[in-house]
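**Q** Order-wise, the sequence lines are chains A, B, C, D, E and F. Numbering of the first sequence is given in the numbering used here, commencing with residue 276 and proceeding in unit increments. Numbering of the second sequence is given in the numbering used here, commencing with residue 276 and proceeding in unit increments. Numbering of the third sequence is given in the numbering used here, commencing with residue 276 and proceeding in unit increments. Numbering of the fourth sequence is given in the numbering used here, commencing with residue 1001 and proceeding in unit increments. Numbering of the fifth sequence is given in the numbering used here, commencing with residue 1001 and proceeding in unit increments. Numbering of the sixth sequence is given in the numbering used here, commencing with residue 1001 and proceeding in unit increments.
The set of hints was computed from the structure by calculation and includes no laboratory data. Keep in mind that a hint or two might mislead.
Sample of chain D residues facing chain E (criterion: CB under 7 Å; computed from the structure) [stated by the list, open to error]: (1) L1017; (2) A1025; (3) P1035; (4) A1037; (5) L1188.
Cβ atoms here follow ideal geometry from the backbone N, Cα and C, with glycine treated the same way.
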Amino acid sequence: MKLYETKLLTIICEILAQENILDILKKHQISGYTKYEVDGDGDRGLRGQGLKTEKNIKFEIIMNENKLQDVIEEISRTLFANYAIVLHVTDIGVLRPEKF
Amino acid sequence: MKLYETKLLTIICEILAQENILDILKKHQISGYTKYEVDGDGDRGLRGQGLKTEKNIKFEIIMNENKLQDVIEEISRTLFANYAIVLHVTDIGVLRPEKF
Amino acid sequence: MKLYETKLLTIICEILAQENILDILKKHQISGYTKYEVDGDGDRGLRGQGLKTEKNIKFEIIMNENKLQDVIEEISRTLFANYAIVLHVTDIGVLRPEKF
Amino acid sequence: MDILELIQSNLLTPIILFFLFGIIAARIKSDLKIPEAISEFLPIYLLAAIGLHGGIEMRNTGFENMLIPMFVAIGLSLLFTLNHYQILRRLGKFNIFDSYALASTYGAVGAVHFSVGLSFLKNQGVSSEGYLAAILAVLEPLAFIMAIFMTNMAVSKQNKTKQQSLGDTSSEMDLGLNQSKVKISKVLRESITGKAIVILLGSIVIGYIIGEEGFQSIKIVFDDLFTGAIVIFMIEMGIIAGQRLDDIKKVGIFLTTFAVLIPTFNGIIGVLISTAIGLSLGGAVMFGLLLASASFIAAPAVLRHAIPQAKPSLYITSALGITFPYNIIVTLPILFTISSFLHNGDGTINLLSIFINN
Amino acid sequence: MDILELIQSNLLTPIILFFLFGIIAARIKSDLKIPEAISEFLPIYLLAAIGLHGGIEMRNTGFENMLIPMFVAIGLSLLFTLNHYQILRRLGKFNIFDSYALASTYGAVGAVHFSVGLSFLKNQGVSSEGYLAAILAVLEPLAFIMAIFMTNMAVSKQNKTKQQSLGDTSSEMDLGLNQSKVKISKVLRESITGKAIVILLGSIVIGYIIGEEGFQSIKIVFDDLFTGAIVIFMIEMGIIAGQRLDDIKKVGIFLTTFAVLIPTFNGIIGVLISTAIGLSLGGAVMFGLLLASASFIAAPAVLRHAIPQAKPSLYITSALGITFPYNIIVTLPILFTISSFLHNGDGTINLLSIFINN
Amino acid sequence: MDILELIQSNLLTPIILFFLFGIIAARIKSDLKIPEAISEFLPIYLLAAIGLHGGIEMRNTGFENMLIPMFVAIGLSLLFTLNHYQILRRLGKFNIFDSYALASTYGAVGAVHFSVGLSFLKNQGVSSEGYLAAILAVLEPLAFIMAIFMTNMAVSKQNKTKQQSLGDTSSEMDLGLNQSKVKISKVLRESITGKAIVILLGSIVIGYIIGEEGFQSIKIVFDDLFTGAIVIFMIEMGIIAGQRLDDIKKVGIFLTTFAVLIPTFNGIIGVLISTAIGLSLGGAVMFGLLLASASFIAAPAVLRHAIPQAKPSLYITSALGITFPYNIIVTLPILFTISSFLHNGDGTINLLSIFINN
Ligand SMILES: Nc1ncnc2c1ncn2[C@@H]1O[C@H](COP(=O)(O)O)[C@@H](O)[C@H]1O
Ligand SMILES: Nc1ncnc2c1ncn2[C@@H]1O[C@H](COP(=O)(O)O)[C@@H](O)[C@H]1O
Ligand SMILES: Nc1ncnc2c1ncn2[C@@H]1O[C@H](COP(=O)(O)O)[C@@H](O)[C@H]1O
Ligand code: NA
Ligand code: NA
Ligand code: NA
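Please work from the sequences and hints to get the whole structure.
**A** Below you can see the structure in the form of structure tokens.
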């Protein structure tokens, strides 16, 4: 079966930035994503112990390349300063490119 | 150390399709996989709130390219119509290719 | 926005190897990682049912290529024999390469 | 106390109020939630408590006299399921898959209903036959198994007709149909080893073995905490029901009516017949409630697998969002009033003999 | 019993001891942990229990006389928040964001404080007015809303000044400021639908409806288990406080002093005024404790969103690591002694009239 | 009641029955499961309850007389561990790593055993010395520390021999061996700060401080709910044991025999000696049970790190799948019968003096 090239955007952020990320996705008409809670360590210290509000959340969003640029531009502009966020992009292949 | 090229198949599906996915993997003699519960949104609406049966599960399976084609062919043929499923494929490097 | 090429190292291991992995990361001055609990199956059998000590943990570490070689070398040398471990490497793009 | 008064006083019990509270919390989009581990554990606890209670009662009262009520319950359950199917398919014009899914959802029984019923009776100071817990266990998978069996039969027939007319045997749809046909043994197996039945039957047996005396050391956990635990569970049930309230539009007027009338009808029949075969006041209420109940925990788990072509938004929403609140608020007091009348009213015997003679 | 003796005997209650134990467990880096599902569930349970208790009391005693205490509490809470801000900004030289965040953390109230207070009074055999639970619910979001409102105002002013001097309207900082201005309605909404307030208000209403009698069937869960549940929760609170103890260095000497003196001051004022407006011995203690309390569960959730520029290491650490232990160990006995003196001592009326006349 | 009758009546208690039920549920591959958060929390709760109980008893009876039993227990535990090693290595022909791992698993003690024992005694209306909880805490890490120490010693010796014969110092195996040698201080540290010991010791201290009176407010949670909580935990233990039953084949006939005879032997010695040094009827049973018990919660956590070369399928399966059920079903009644005979029989003193004189 043919696999069509597209992009996977992965975002790891403190749980408090969750709503902001969802808002940005909505704004860019992206209706599909997968998310789950993770622990982690980084510049802002250990996360995932103790209070719920100190957890990390990880988003994975399959999207095509043109949307990608706008989304990461908006995230880095509006959220990087105030929240612990790490994001990265992977090349992936999917079966039904029209879905994303 | 040398990294050998192989494939990572990622499947996100509603938890009810879990058994079917496991059956397909078994049928194709794939004995290794990693899985975990995730939340998500997509064409079939928000998933992960409420009843346990309404959760998503994510599979990650490292496998070599020839098996990959058969597996995704069978998943798309038998499960796409009845279940919420999204899958994608990534190129990865592993140390012990004979393990997969 | 420009995406800088870097590497994502993914490690899936039984939870008991967790401390050892963290020690190795520390030794190589890697301060950032993401981790979460997963279930799985493989050569050493089903994992994720039963006792907490029988779970798997998955690490994802964004790092640049030169560190990568040393880290996977040390993991494979010191841990592969005693613990259930699977690792793989993916090419990814990030925005702030100096962070990793 | 007449029915209306009883409904009103029942409405003002913690169980119902916290359920309504959960609905409201969901409607105002509060982030209130009972953690998953707790809401997964509570049904296990409730079933263990029901089972122990039932087992102990069976030890006290024997279970020889349980056979007739058991077979009557099985017969009624199957009959009702078929009846639901006819109504849904013919009058409601639902497709075959939705019809069977809904028919079995309402033919099956709900353990949460049963818990609320037990607690309601406790409140009224009325007891019930212990073996009803065993009937609960037997009825649990019954309607599903029949529905899946019937769906398979119907599908094979369609299938055959199609093959004859098309002469084509390897179409993709065909493959799907063949797959669903083999599922029945798996469904049967999974139903019987499903956690609900396993914990319920296990606890009945243990309750029977240990008896009142052996129960003393764990009575506080499995009896005294029972109603409080239901209350906590009802918050979560209310929240889930509240989240689904928007889906009620999709349910439509026909199914909404069905979701109210059928339980009332099934329940009343249940009270009448169980009274006729000799159950006590409280036993008849529980028997009726079992038949009135719809399944909303087991149903999604079983049906989504077994009849994936059916729409969960129909069967979950109607069972949890309409029938469950209706049953615990309205049906339960109705059944109690009828059963009280039958058991205490002077005309009991006469009334019944009239009913049976007809 | 004088204050010191009372502090000592209070120190030796399970609640305090298990809290200290949690701190020690964290300090020696034990892996002891209350599973997340349990420590998420316990505050919901505690608030439900507080609410039911309050609602039942309100039914017994009426709530007409609740209006004056309610408004006094609101007034004091706002006044104190402003006062905190002045002290922190002027004397403490904190920046505007940290000042507002801290001011509201100490202006807000803590449900865990309240639980411990109720349990303390139970131990002393003293009861308190039921409507205090309602005051808890109202005060919960109050200080935050005001702090966010004030922050927005201050930010707009700064903003305007900057724009005038720079003539630049589309800077990124500007964007951030505009964003924070719209947040207040969202914060208001989220506060009111936040799980703490929802479960608390819901349980008050349900408690009021069911009354003492309806409560019987769930009393064991929502009353008898209360103190034991607090104890388990205190282990986790102790562990979290212990993990943060290192951060106390960052808090600094000024804020440490603030975190001890302000609760004492607010609490004593609270006891005096509530006694003056007629609250009972126990009621005055709870009223004072409410005003003395700092929020450490709601605060991080609300402030991190609403004033993201403020440093959580300041407001969480001081509230949970310093003020909470100080309050439950020291402030509570102080307030109880003062309230006992005011209510039982012969000089009560005189003393109060003197205080009020001044 | 003779031993067989006692075994039979013990078999029919909720604790044992629910354990057997869990095994059956796992064998028929039911999806029944106690959610992780609950089964993680229950041991913490059980240890807290044991600790509080022990601490309160110690306050009542003093703990001066605890020193001799403590040292006797330590001595026996070390002796038994060495004995296990000899048997496993010489007779069982296990490799050095498996031998030490198994030796310490059976030299260590199990808190779940202890809980079941306490509940068994409660059922029999017999009490036991409070300080036994402290002995439990001390014995917990002891056998592991010794086993790891011995393994390190053995490994260094092997190591040296190899180096001499090979003259090669930087092999990978060598590296592994050096690594394992440094681990002992870490293991010691982790054992002592491990959650089991921390919560147990903490609760003993708190129980001692608060005494009977301070315990009243939390008695319902930490005493009345105890047996019910064990029952729930036993379901999960049964499920885990059931899942491992297939592994028993791998355990082999030798280890199976070991897993039954050793606990019986250790337990009886324990009862005899503890009676000789003056423990009460119940105290001697608990003392014997401690020595008879094998660790199946701490063992996997500690040994997997400390002796990673040993096979967990051996030590977990034998401890949880064989020894634990055997102990709570058979050993416990045996120990109780012996202890009753020694304490109540007229020949007690004579018998004992004979035993000691030999
Ligand atoms: N190098 C990295 N690799 C993977 N995840 C990371 C890395 N650095 C940070 N993270 C994740 O991103 C979160 C926030 O990062 P930070 O702002 O660096 O604290 C961390 O808690 C981790 O979960
Ligand atoms: N674009 C996407 N990126 C990542 N995950 C997705 C995406 N679309 C759907 N999913 C995941 O796949 C599940 C099923 O998708 P759907 O069939 O579209 O409802 C969703 O609940 C998500 O977890
Ligand atoms: N082919 C695979 N693809 C993805 N994950 C795997 C694969 N094989 C093993 N794993 C994961 O690695 C863990 C340890 O593997 P093993 O050592 O083979 O038992 C398993 O429990 C899985 O979570
Ligand atoms: Na029914
Ligand atoms: Na305050
Ligand atoms: Na032992």
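**Q** Taking the hints in turn, state whether each one holds.
**A** To see whether the hints hold, each was checked on the structure:
1. L1017: holds, 5 Å
2. A1025: holds, 5 Å
3. P1035: holds, 4 Å
4. A1037: Nearest chain E Cβ about 3 Å off; hint holds.
5. L1188: violated, 33 Å
When the structure is compared with the earlier hints, a violation turns up for hint 5 alone.
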